[in-house]
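Spelled out from the first residue to the last, the chains are:
2 protein chains.
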Amino acid sequence: MPLENSFYTAEMQGPYVTVPLGRFELEEGGVIEELELAVATYGELNKAKDNAILVPTWFSGTHATWWQVYIGPGRALDPEKYFIVVVNQIGNGLSTSPHTTGDASIAMERFPHVRIGDDVRAQEQLLREKYGVERLALVVGGSMGAQQTWEWAVRFPDKVQRAAPIAGTAQNTPHDFLFTQTLMDAITSDPAWAGGRYTSHADVADGLRRHADIWAVMGLTTDFWKSGFWKDLPPVVEGLGWSTFEEFQQNFTRLLFGLMDPNALLTMGWKWQRGDVARNAGGDLAAALGRVSAKTFVMPIDSDMFFPPRDCEAEQQLTPGAELRVLPSIAGHFGLFGFEQTYLDAVDAHLRELLEAEV
Amino acid sequence: MPLENSFYTAEMQGPYVTVPLGRFELEEGGVIEELELAVATYGELNKAKDNAILVPTWFSGTHATWWQVYIGPGRALDPEKYFIVVVNQIGNGLSTSPHTTGDASIAMERFPHVRIGDDVRAQEQLLREKYGVERLALVVGGSMGAQQTWEWAVRFPDKVQRAAPIAGTAQNTPHDFLFTQTLMDAITSDPAWAGGRYTSHADVADGLRRHADIWAVMGLTTDFWKSGFWKDLPPVVEGLGWSTFEEFQQNFTRLLFGLMDPNALLTMGWKWQRGDVARNAGGDLAAALGRVSAKTFVMPIDSDMFFPPRDCEAEQQLTPGAELRVLPSIAGHFGLFGFEQTYLDAVDAHLRELLEAEV
Chain A
0 MPLENSFYTA EMQGPYVTVP LGRFELEEGG VIEELELAVA TYGELNKAKD NAILVPTWFS
60 GTHATWWQVY IGPGRALDPE KYFIVVVNQI GNGLSTSPHT TGDASIAMER FPHVRIGDDV
120 RAQEQLLREK YGVERLALVV GGSMGAQQTW EWAVRFPDKV QRAAPIAGTA QNTPHDFLFT
180 QTLMDAITSD PAWAGGRYTS HADVADGLRR HADIWAVMGL TTDFWKSGFW KDLPPVVEGL
240 GWSTFEEFQQ NFTRLLFGLM DPNALLTMGW KWQRGDVARN AGGDLAAALG RVSAKTFVMP
300 IDSDMFFPPR DCEAEQQLTP GAELRVLPSI AGHFGLFGFE QTYLDAVDAH LRELLEAEV
Chain B
0 MPLENSFYTA EMQGPYVTVP LGRFELEEGG VIEELELAVA TYGELNKAKD NAILVPTWFS
60 GTHATWWQVY IGPGRALDPE KYFIVVVNQI GNGLSTSPHT TGDASIAMER FPHVRIGDDV
120 RAQEQLLREK YGVERLALVV GGSMGAQQTW EWAVRFPDKV QRAAPIAGTA QNTPHDFLFT
180 QTLMDAITSD PAWAGGRYTS HADVADGLRR HADIWAVMGL TTDFWKSGFW KDLPPVVEGL
240 GWSTFEEFQQ NFTRLLFGLM DPNALLTMGW KWQRGDVARN AGGDLAAALG RVSAKTFVMP
300 IDSDMFFPPR DCEAEQQLTP GAELRVLPSI AGHFGLFGFE QTYLDAVDAH LRELLEAEV
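So the protein sequences, as listed, match chains A and B. Mapping of the first sequence onto numbering that gives the first Met the number 0: position 311 corresponds to residue 310, and the numbering continues sequentially without gaps. Mapping of the second sequence onto numbering that gives the first Met the number 0: position 2 corresponds to residue 1, and the numbering continues sequentially without gaps.
One should not assume that every hint holds.
[To be verified] Among chain A residues calculated to face chain B with C-beta under 8 Å, some are:
1. Thr187
2. Asp205
3. Val216
4. Gln249
5. Asn250
6. Arg253
[What the hints assert, rightly or not] In silico negatives: residues of chain A with every beta carbon more than 12 Å from chain B:
7. Gly29
8. Glu32
9. Ala63
10. Gly73
11. Ala106
12. Leu177
13. Leu182
14. Arg196
15. Thr198
16. Gly206
17. Ile213
18. Lys225
19. Gly227
20. Met304
21. Pro307
Treat the hints as calculated values from the structure; they're not laboratory data. Built from N, CA and C at the ideal position, the CB exists for glycine as well.
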């Protein structure tokens, strides 16, 4: 029985379609008998089918932030020029996920391990079968979306003309593995998680709160919290604003992450920990990145505490022709939410330049 | 009944003496009827009593790291020239602490809240009554030791000739408050913590492990973990080395923090969260720091994720005549452990210059 959770609805996230891909074999050996991807598209595919942009989603995210913050007429991701396909990652609560699947063999704690490579293969199948797209003008994604962007560029070099991994790495670092584990442990240490067999995400409120609180520390920055920058942000829920940082924590990070499904977060966390394009080249990161033929802008956020620019720069330097474009934000990794116009302007300027580049 | 814990012994930490200070009233309203400070001294007090250096300890720390890493003949903190007094902070497991006190009214979960100002007042009393020291050549401490160093310089400006707060702030930031809370919640969310009424720290192993794992993420850095820097570090316990980062986590951070007492960590965590010299000036940080007359070197560590140089620099700029001396380390906040000779050389150079400065 799928669990009810209003967070994972079109009402909360914006319209999307569910596309069945049939039986899908996972890299770790599991099988999803009827894989469904939740897909939101903006704009129209042209006749040449060469104006498609793919956007894979980040940890805990959906397509929502993309249409709310990154996509729009006059923006770099302009639906009047491009056919923009945002694909929710497997296990994120909208695509096939532990708490929503009707297939008892993979429901809840039985959900199989999914890898970044699985998402990318499923997305490739989706684009080819559903839209007849064989080549992408751009793949762009943030965080775990950057992991998928890198995987696309390495795995399908002929299909990716341009790539923009934002605030994420091609090969997850040990530090990020450890960080993600603290997020997962915050959830699984809650007795109410019950080995993944809870009956409502609300039962796991304590674990979700601790998970959110670690995000508040690692996702944001000392400057963000100290500056009072958050004071001017619009509330997530009407009437639940904030005048102290404790209230911001309560009504932003705790509220938002508290709406989510624990097993979905764990599925994504496990996947994040193991993102590594070097798997495509026998463990050789330089060889894997050497395969990239896409024009690539590597775009870390300057104040990001767990995907710092230096880690992203190391990968940029291994990628033929890639350029480093550092994005400014006071909000660390959560700069991805697009709190600042300066950040959004920088993203747009770089993506516009990338999209206009000859390839 | 005090709990047994071999971590808090002279065998593990090095020799120290226990100095009774009598009845001690705490700023939050609690009382410790017989406050005892665990004190380790190195070198001799001269006749003029003007060669004393005070070192307060950091969160989870004791005097051990100081004699092992920072103090020695030929070093800036030279026991052949100075009388160096390392005072274990209240609640750290060696000075009066929840799990060691014989006073049932303050044992375990009944231990009262202690503030940075309490430690500093107790240290002032200790120096005056026990050693007849009215003026310190230097106060130097790292992290929570830096909080105490700042508090000394603001509260007793006439008694502090020089101050060197390393990797810590005068006023705790919101981000650090939130970070410290995640450390504390990792412990208190363990059902075995039992509201502070456990019968052995080992019972709280799960909570201590999650606490250590958050430290592994925030205390160190992506570079530290990725570089393999840790490979060359000597093991904490003979025979328990490491060849993978998971083993380093197991045999370094988990092992070390797993030896400690949960209530001691919580006492220190609560104190850390509320470190704020502005309390001495009606909440006005600039006014408080304006009182400092000590020659002050503010010494953040360049890669520190929660006391970043920019936060320390903001306080340095409010302090008359203070200078910013940034220390280099790949290890973030845990650079304090002195893993790198380059770091230690920088500390020594700055402290030597400070100690030689006319005041």
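Now for the hints, and whether the structure bears them out:
1. Thr187: At about 10 Å, which exceeds the 8 Å cut-off, the nearest Cβ of chain B leaves the hint on A/Thr187 violated.
2. Asp205: With Cβ-Cβ at 7 Å, under 8 Å, it holds.
3. Val216: holds (5 Å)
4. Gln249: violated (11 Å)
5. Asn250: violated (14 Å)
6. Arg253: Constraint on A/Arg253 not satisfied, violated at 11 Å.
7. Gly29: holds (24 Å)
8. Glu32: holds (34 Å)
9. Ala63: holds (25 Å)
10. Gly73: holds (35 Å)
11. Ala106: holds (27 Å)
12. Leu177: Its Cβ does come within 12 Å of chain B, the nearest being 5 Å, so this is violated.
13. Leu182: Non-interface label fails for A/Leu182: nearest chain B Cβ at 10 Å, not farther than 12 Å.
14. Arg196: Holds, because the least Cβ-Cβ distance between A/Arg196 and chain B comes to about 18 Å, which exceeds 12 Å.
15. Thr198: holds (21 Å)
16. Gly206: violated (8 Å)
17. Ile213: Incorrect as stated: the minimum Cβ-Cβ distance to chain B is 5 Å, not above 12 Å.
18. Lys225: violated (5 Å)
19. Gly227: Label violated. Min Cβ-Cβ 9 Å, cutoff 12 Å.
20. Met304: violated (6 Å)
21. Pro307: Non-interface label on A/Pro307 violated, nearest chain B Cβ at 6 Å vs cutoff 12 Å.
When each numbered hint is compared with the structure, violations occur for hints 1, 4, 5, 6, 12, 13, 16, 17, 18, 19, 20, 21.
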